[in-house]
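**Q** Sequence:
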Amino acid sequence: AAGLPSNVFAEDEKLFSFGSHMVGHEVSERFKLTNPFKVPCTVDVQIAARATKAGGKDAIDPGTAPFDIEPKKLTIPPHEHRYVTCYFSPISMQTYFASLEANVELGTVPSTKQLSFDLMAEGTLPHVVVTRPVTRSEDGSPLLQFPKLLVGRTLRQKLTLRNEGVLPATVSISQPSVPGSFSCVLC
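Numbering (our numbering), first residue to last: 392 to 578.
It is worth saying that the hints were derived from the structure and are not from the lab. This structure is a prediction, so every number in the text was calculated from the model and none was measured. By construction, the Cβ of each residue, glycine as well, lies at the ideal position given by its N, Cα and C atoms. Misleading hints may appear alongside valid ones.
As the list claims (entries may be wrong) - Pairwise CB distance ranges, derived in the manner of DEER restraints:
id, residue 1, residue 2, range
1, 563, 406, 33 to 39 Å
2, 400, 466, 21 to 27 Å
3, 421, 498, 18 to 24 Å
Turn these sequences into a full structure, and let the hints steer you where they fit.
**A** Structure, rendered in structure tokens:
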């Protein structure tokens, strides 16, 4: 869908960003692991929770971490590749950090025995605000104030909504099923 944040890998920072995604919805990304050698290798893959680089919140409890990886262990034949899938399922509106680590069992070549990079993702919700009318009731709800009218006359007032979030939002407007003096039309 157009406008949705996309997954991005920053090579210099060794950081994969899932972007912003709706709380309670799962997204996934596949990572390709390649064996460039003439012998098969067994790779252990895990997600390690960590705190932010800026020293924000502490690392999250692995039992409640929104990141997961499958499979956690795989064998890659010589000169072939396999994919692992990393899942992100935010549980609240916040930014999450973790590290993905892939370690080759009995690996001897320092440059190929371990792969490690950071993961970052944000849990968010759609955010729609009423920008018009600016008048509010005592409890803070938007208030459309209509003046007195002669019988048979009509008056229209605009209700303007704006999506201030990073996700697309859908708004549903309903009116009482009892016929009355008010109606709502989209313009």
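**Q** It remains to establish, for every hint, whether it holds in the given structure.
**A** Verification of the supplied hints:
no., hint, result
1, 563 to 406: 33 to 39 Å, "holds, 38 Å"
2, 400 to 466: 21 to 27 Å, "holds, 25 Å"
3, 421 to 498: 18 to 24 Å, "holds, 22 Å"
In this structure, none of the earlier numbered hints is contradicted; all agree with it.
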